[in-house]
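Asks: Protein sequences appear in the order of chains A and B. Using the working numbering, read the first sequence as starting at 1 and increasing by one per residue. Using the working numbering, read the second sequence as starting at 1 and increasing by one per residue.
If you are wondering where the hints come from, they were derived from the structure by calculation, not from laboratory data. Glycine residues also receive a C-beta, built at the ideal position from the N, C-alpha and C atoms. Any given hint might turn out to be false.
As the list claims (entries may be wrong) - Ranges of calculated distance between the beta carbons of each label pair, as one might list FRET restraints:
| id | chain 1 | residue 1 | chain 2 | residue 2 | range |
| --- | --- | --- | --- | --- | --- |
| 1 | B | Leu166 | A | Ile114 | 35 to 41 Å |
| 2 | B | Cys35 | A | Ala15 | 22 to 28 Å |
| 3 | B | Leu41 | A | Thr104 | 24 to 30 Å |
| 4 | B | Asn75 | A | Gly11 | 31 to 37 Å |
| 5 | A | Pro40 | B | Leu41 | 24 to 30 Å |
| 6 | A | Gln109 | B | Leu41 | 25 to 31 Å |
| 7 | A | Ser45 | B | Leu166 | 37 to 43 Å |
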Amino acid sequence: MRKVIVIVWLGVLLAGISAFFWYNDLIYRLPTPVPENYRPVATASLIDLGPRLPGDSRKPVFLHFFNPACPCSRFNMTHFKSLVRQYGDLVNFTIVVISNKKYTVEEIQNKFDIKLPVLFDSAIAASCGVYSTPQAVIIGMDHQLYYRGNYNRTRYCADKKTEYARIALATFLDHNPPVVFDQFALKAYGCQLPKCNR
Amino acid sequence: MKTPIPTINEQLPTAPFRLEVKKRSDKLINYFLPCYFLVGLVFASFYDTWLIAIGVGGISLLAYYSVKIALPQSNLYQYVLSVVFGIFMAQYIYQMHGQFEMHFFAFIGSAILITYQNWKLQIPMLLVVVIHHVVFGYLQNSGVGNIYFTQLEYFELQAFVTHFVLAAIIFFVCGLWAYQLKKSGEIQIRQTVEMGRLHKEALIAANERKHEADREIAQQELAESNKRFVYAAQATSDAIWDRNYSEDIISWGEGYRTLFGYDITPETMAVSFWASKVHPEDIDMISKTIQETKADRTKKDWSGEYRFLKANGEYAFVREKAIILRDGNGLASRTIGALQDVTESKQNEIIFKELNQKLEQEKYFLDTLMDHMTDAIYFKDKDSRFLRVSKFMATKFGATVDELIGKSDFDFHTEVHAKKAYQDEQNIQKTREAKIDYIENIIKENADEKWLSSTKMPLINARDEVVGTFGMSRDITKVKKLEKEQHEAQLEKAVAQGRFEIASDVMHDIGNAVVGFGSYLTRIRRLQQEDSPENLKNLADFFENQKSAITIAIGEAKASAIIKMLGGIAQAQRNNQEEISKSITEQLNIITHIQEILDIQRQYVAGRGSQERKPVNLRNIINDSLAMLFASIEKMAIDVSLDIPSELPVIKGDRTKLMQALLNILKNSIEAIDVNASEKTISLSAIAHNGQLVLRVKDSGKGFDPAITDQLFKRGYSTKSTGGGIGLHNCRTILESHDGTIDITSEGHQKGALTTIGLKIA
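One chain only, chain B, in its complex shape:
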């Protein structure tokens, strides 16, 4: 049977095959050629033919590769290779000095060339061999000198022909094999193509048959399955779905349309379509959990919740439950599930959660208020029993919050108060009118008074029903007490003001009286001076001179008695007059002092708070003060000693006020001294020290308990039974207004006191 020779016209895919042969052969030559070169080097080592090995071998390689690179599409390089093999053979023969065995390289080269499956490649090598032998054989035979082409004595034509024929046979056989290989390859390709075509046809036919059968079964199954699916889908409002992992679609039930508004089309059934509708914030989590569940071979079902975009653009909260079907290897092959729209319950859940949060917050606020406010806050039921009270209130009631719940005012307060409160609350519930900011005065059983500012309101629920009362009470007892104190202080102030006014009036009246008294005294003195005692003496002298005449008239005894009586009267009058004159002088002095004191007092009363600051000499103030108190000092027979330097530094201040202060201190000292005491001394000393003028007044009076030192300067405090407690307070006020200090110390009762005044030197 003749096999049709395939040609290119038959459209056989031989080109790739040929290209493959070429590639493979080129690759082989890439190994063979370097080996040829290396073999040349090995042969060179025998007879030192390095020049030939490297030179000729190198040029041969160069010839092959340069042509291959220059004309890659052409097969020329293969023909060059054929020549190169011939040259290598010649090279080896030359290198080994004509060794016969080297000729076998012709066969090796020829055999190698078969790989290209091109019989023509044998020709160039054949030509090289033939031409070489012909040329050199001819040259040698024709006797050209120096030609040692053969070792044979005579290269006969017969031998030449024999050699050539043998070589030609080799080349022919190799060429034949190349040709056969090529041909058989092409036949194989052709057969393979034909086989492939037949196989394909057979497969298609078989597949068609199988498909036909499968389709029938599948259609039946599908019909059955669809029927069930439709029943199931109809029976539920959920969107039922079915996914086979060998396909990229999800089969949806009717719920897909009714719940989410998507028509069931190939496009909407695509897995990517579903994924694109899952909320972007949920898709990663959902994909991840689905993948994890699929991968976990122990898992048979999956459920999750996510947001799914409906056709109308709104997101629905869906709850998905699915069962995973696995193949024999445990790999997920199919998943069937249902999507339930839980938007409403989800929204309710969210609202509930928010409400709950709000409620929690409100509770927190209320608890905070009830636990920390220092007011009594309470809620009561209709019968005025506590529903809730603030912690503060519970503490005030002497109980815990829980203990108070269910109890009423009757359990803690007097019946009167509890009843009143109860009636109030009933009234509020009845009228629905609140009692706002009213003051309650509670008198406790121990008679303690307590004031509360309270507000009570009706407790009305969401259905507008009165269910009790609530209110708040604040203990304002302290405020009330403070108000009372302030009131009293104002009263005291008013009294003091009144006292000043009265004092002012009194002093005015006293002043007037003193002036009147003085003028009367002056008049008495004048009259006394006019009433000369000499007249009476002259009368007495006259009677004595006229004694004889009187004796004559009334007798001597009587005359002598009259004269003596008159003399006595005159003498007594003279004595009396002197005494009166002395007393008047004394009284006038006292009046002057009184007027001075009044002046000071008047100035004090009239000019309270004046800030007059003038250079003042302390020594003068001391002297004046002592002068004003001279009478008292003398009366008390107090020994006053002074240690005041004649040149004291000048200070700036209000002379009157400073004097008032000093008078006060001196008076206190005088009054502290007992009239019957054995030692009655007041010593004053002044020194300038550290920019201050320090005045010390020390007395031998009764002193005081050092414990009360701090209270001495308090307004209203006095150690004297008759004292008003204002003196020292004023003293300190005066001195402090002068940037000065005052300090009183005592070592105890009957140990005297030391008053130290410090004043800034001007």
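Okay, chain A solo, but in the shape it has when bound:
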């Protein structure tokens, strides 16, 4: 009898474990909630960031919206760095830190181990229509928004088929018209911006 109870008990515990995994995965799978006062910025919109953007103005700008406190952002770093390694000469990669905490440029650069310009201006996110991290934004030399979306369909950024940012960047550099991505690319997944919490 006792054994039966124990077996049942183990079943319950197993169910509990499954539930934890399921619940956690479910949360990850949900898109980032859209802030109330969110103002969508459509592709091809003119984004005037003016003198805030450093670097060669003849190159397109790749903005990496990054929050060190966001686990998704942290995990995404490796993938972002691979993009920088691949396209660093052709694109002005810039890291935009969206965080309540105060970081120095060096701290952020040390995290990525790459000397990239680092901005702390949260207004850039609003200008680009970004409301989560990590998000990638590609702005052309004509200041038009070329791409704003996720890096990958998976959190792990391991799915080559859904390396949306890379695809968008490659397409842009090939001077092709913007790729039409599905919702998994354009609908923001990831962490909410600190200031936009509902």
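Place chain B on chain A using the hints.
Replies: Just chain B now, with coordinates in the frame of chain A:
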């Protein structure tokens, strides 16, 4: 060679070994599992997977420990552990977003499980891995949405199989090691048991051989030793014993039986048996000293005395002497000793001690007596030489006690006395008769008399031999003197009594004589009154008238002469008659006074000690006393002055006695005054003061030396040549019986005296 696989049927002691493995492994898991949980927390910090780390990790721990507690006898919890390791691996992979390295935890878990030495434990984890991969791989491959089981583009069957095979190999190898470990452990146990058995057998065999050899040697030695022991034990009456500290017995010689009555059996040889027979009051002391001696490495022998209970229930006093044999380290290994029964000498010692104490006490008593008694106590030898004398006696002899020893009465007394004493003592020795309480009168050379009350007895020793005399003398000189004084006092009293009686008789006779004298005087007066002088005058007148006729008859000259003679005779008779009448009156007055005095004296003699107390007027007593002494006062021409208030307070007393006292005082004053003195005064004054009536009698007599004031009132003391020394003594007795006082003072010779009488006012 095929090693036989041990089974439980072979009765191998594997259960304890397995239990030991289980315990040890459980202990290890108690460290590993929390570490797994902590590792989950560490991984959570990377991507904030806290919920998974705590939730899944916590449930995993709960699963393991709850089953372990619920079914402690079952191995189920170990299988749960295997599953838990699989889940932890999945958790880590999930937490680290599919990091390949996390898969190595499968190997870690698998390796850890080897500790239980149960190959089957690999299966659950294997199943978890397989089922998980199969299910999710299938789901992903079959295109179910939202399944990101693998980062690989396509989880091919080949890769899946490869992964599974590799994992299975790991699990298999670990399971194999577990199995091998278990088996080798059991073989080891089996071998150890076998080794142990062989070793034991070999030891027994070796021991037997050694014992055999040892026994032979030991028996020889023992035989030799016993022989010596028996000789020694026989040679002595003591109880010989031998104790080896490696054993708990005492080997006793024959004396154990002969002295104490115990048969030599294993029971009586036990150390505890000996200890139980030692007197309870001695055992602690004996045990303590034995232990101390044993512990002191410098000590080689031990001796002591104690009481030991014999088989017959009596305690024997034993004296024990033992030698202690020590090993190379100085530790006592063996003790050999002898027990000697010293009961008799011990008892004698006790008796002797008691006797000695008694003797000491007796000596103390005797010394105290001899040193402090105020009697002459002595012991003399056959020749009357002092053997011992009391301190008092020595002092009386004018020597010390030691100086007297060896000397005799001849050295201190007159020869007569010494000889008498010597003869007495010789006689006592001869007759053995004591002289008890006889009185000795010793007249010393200086003629002093001494009285002794003595007792002398023969000194007889324990063998009934007369060895001298002893005696005691008490100086009763004082008693004798006191007796003499008392005798004299009684004599005096008798004389006084006689005097009173004589005085009484004398006074009676005087009284009778005085009465007779008075009646004669009265008769003379009457006759004188009857014998009228007028007749003679008438005769003279007649002759004168008849002068002429007579002249005629005898002549004128003769007639004139007869007439003149007759006239002269008549005149002389008349004068004489007046004179006689006056004298008679005077004498009658004196007789009256004498009678009054006699009355007082008679009353005094007759009523001695009467306690009559009546209101008395002091003034009257003074007047009466002065009246009684009037003749003497007048004869002495003493000037008596009185200062007595007319209204004196009344006192209570015996008038006669008070008067007697006052008369005595006044008489003393009168007698103190010299008839030829120029000033002859007695002054009396009385005043009432402080409830007392104070009468002062001051005279101008010869007074006395103030130094003798105290003696004035002593019976028999007198300053007068004719005095009996009773007057003032009586005065004081009378006044004291009236609660009064009397005091006489004088400033010296020829300065008069002042007598002060105090009487209580009624």
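Asks: For every hint, state whether the structure bears it out.
Replies: Each hint, compared with the structure:
Separated by about 37 Å at the C-beta atoms, leucine 166 of chain B and isoleucine 114 of chain A satisfy the suggested range of 35 to 41 Å. Separation of cysteine 35 of chain B from alanine 15 of chain A is about 26 Å and conforms to the stated range, judged on CB atoms against 22 to 28 Å. Evaluation of the 24 to 30 Å hint for leucine 41 of chain B and threonine 104 of chain A yields a pass: the beta carbon distance comes to about 29 Å. Between asparagine 75 of chain B and glycine 11 of chain A the CB atoms are about 19 Å apart, so this pair departs from the stated range of 31 to 37 Å.
Distance hint check: the CB atoms of proline 40 of chain A and leucine 41 of chain B are about 40 Å apart, inconsistent with the given range 24 to 30 Å. The hint said 25 to 31 Å for the Cβ distance between glutamine 109 of chain A and leucine 41 of chain B, and at roughly 29 Å that hint holds. For the pair serine 45 of chain A and leucine 166 of chain B, the supplied restraint of 37 to 43 Å is violated, since their beta-carbon distance comes to about 53 Å.
Violated hints for the displayed structure, listed by number in ascending order: 4, 5 and 7.
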